[in-house]
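Protein chains: 2
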Amino acid sequence: MVTHPAADSVSPEEFKAAFRNHPAGVAVITADAGEGPVALTATSVFSVSVEPPLLVFSISDLSSSTPTIRRADTVVVHLLGAAQLDIAKLGATSGIDRFADGSIWDRLPTGEPYFPAAHAWIRGRVVNKMEAGGSTVVAVQALQTKAPPAGDPSADAAEAEPLVYHNRTWHRLGEHSKIQ
Amino acid sequence: MVTHPAADSVSPEEFKAAFRNHPAGVAVITADAGEGPVALTATSVFSVSVEPPLLVFSISDLSSSTPTIRRADTVVVHLLGAAQLDIAKLGATSGIDRFADGSIWDRLPTGEPYFPAAHAWIRGRVVNKMEAGGSTVVAVQALQTKAPPAGDPSADAAEAEPLVYHNRTWHRLGEHSKIQ
Chain A
1 MVTHPAADSV
11 SPEEFKAAFR
21 NHPAGVAVIT
31 ADAGEGPVAL
41 TATSVFSVSV
51 EPPLLVFSIS
61 DLSSSTPTIR
71 RADTVVVHLL
81 GAAQLDIAKL
91 GATSGIDRFA
101 DGSIWDRLPT
111 GEPYFPAAHA
121 WIRGRVVNKM
131 EAGGSTVVAV
141 QALQTKAPPA
151 GDPSADAAEA
161 EPLVYHNRTW
171 HRLGEHSKIQ
Chain B
1 MVTHPAADSV
11 SPEEFKAAFR
21 NHPAGVAVIT
31 ADAGEGPVAL
41 TATSVFSVSV
51 EPPLLVFSIS
61 DLSSSTPTIR
71 RADTVVVHLL
81 GAAQLDIAKL
91 GATSGIDRFA
101 DGSIWDRLPT
111 GEPYFPAAHA
121 WIRGRVVNKM
131 EAGGSTVVAV
141 QALQTKAPPA
151 GDPSADAAEA
161 EPLVYHNRTW
171 HRLGEHSKIQ
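Taken in order, these protein sequences are the chains called A and B. Residue 5 in my numbering sits at position 5 of the first sequence, and the numbers go up by one each step. Residue 50 in my numbering sits at position 50 of the second sequence, and the numbers go up by one each step.
Read the hints as simulated data drawn from the structure, not as lab findings. Quantities reported herein were computed from a predicted structural model and do not represent experimental measurements. Here a beta-carbon is modelled for each residue, glycine too, at the ideal position from N, C-alpha and C. A few of these clues could be false.
To give a feel for the contact side, a few chain A residues facing chain B, derived at Cβ under 7 Å [unchecked claim]:
id, residue
1, Pro23
2, Thr66
3, Met130
Produce the entire structure from the sequences given, and follow the hints as far as they go.
Encoded structure:
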């Protein structure tokens with residue numbers, strides 16, 4: 001990583017101010033590298049390729065879940081709807097046992113912990129990593145997905161309204177937010 | 001990049017279905033590697049580190065702007081509000097001259113093309129790249145930002161409402177979309 005001379009740089013405050021108005025979809029990433037399950041809420045997940053099916057996300061070195069996710073061969077990336085705000089908050093709250101409530105998580109046949117209530121999820125293999133300051137950008141190739149079938153009327157229902165995080169506030173998208 | 005055996009893989013359609021409900025903020029990336037300006041609308045921009053100030057985005061090999069952005073030393077990443085939907089559409093429309101209207105773009109003193117109307121923008125240096133299927137994930141260190149000052153009442157005004165892209169539809173966030 002090149003660090004640019006300080007003369008031509010941006011303070012953390014200036015950088016945060018520029019991103020303050022940049023919203024993002026909300027995901028929870030789970031993994032277990034053999035030492036117990038971890039879960040982490042991330043607003044840094046995007047699809048980069050459909051063939052092969054690849055996504056990336058970033059994880060901060062400061063998160064307690066990061067060492068496990070860095071070691072894991074496979075992860076589950078849950079893409080959350082507004083109805084799963086509780087899962088988003090769970091993965092974003094520090095200092096708690098995020099798996100204390102056994103009724104909201106399970107394990108896939110392949111072993112990964114996951115939240116069955118998520119609107120959609122993708123199980124995938126970590127195929128590449130890039131260091132970026134105090135974070136790691138992780139590339140994941142999808143091995144398995146769960147999503148509502150295309151054209152399913154329930155995909156338009158309230159429970160499928162996507163969850164968005166913006167400037168420390170949760171939002172939901174729907175007919176009310178569309179630009180006509 | 002490892003390609004996983006087909007027996008344990010996901011079709012492009014399945015992958016797209018999983019991501020269909022994952023919304024994203026909207027950015028336009030501009031650059032000029034010496035052969036004229038390019039602009040590209042991206043829904044794959046996120047902040048990965050504030051110290052040093054780093055962001056990443058991905059660009060598809062299929063975009064006409066990608067060769068220039070891959071060659072450029074510096075880029076400008078515009079984070080768009082709903083009031084700049086016209087710029088988002090401009091950077092997302094194929095086969096047009098995105099710089100035909102000289103009244104909506106200019107050059108920074110450092111030479112990069114940019115859209116002054118953007119709610120916020122970040123000029124930065126490309127510091128790392130990662131191949132990911134048919135795309136390139138680019139890491140950028142911020143050198144300069146423009147954003148409304150924190151606490152500025154205009155940051156809450158209608159023109160600052162963020163723009164979100166979801167399932168081929170544009171949305172805007174505001175009081176109407178907040179989850180109470």
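Hint by hint, here is what the structure shows:
| no. | hint | result |
| --- | --- | --- |
| 1 | Pro23 | holds (5 Å) |
| 2 | Thr66 | violated (13 Å) |
| 3 | Met130 | holds (4 Å) |
In terms of the numbered hints stated before, the structure departs from hint 2 and from no other.
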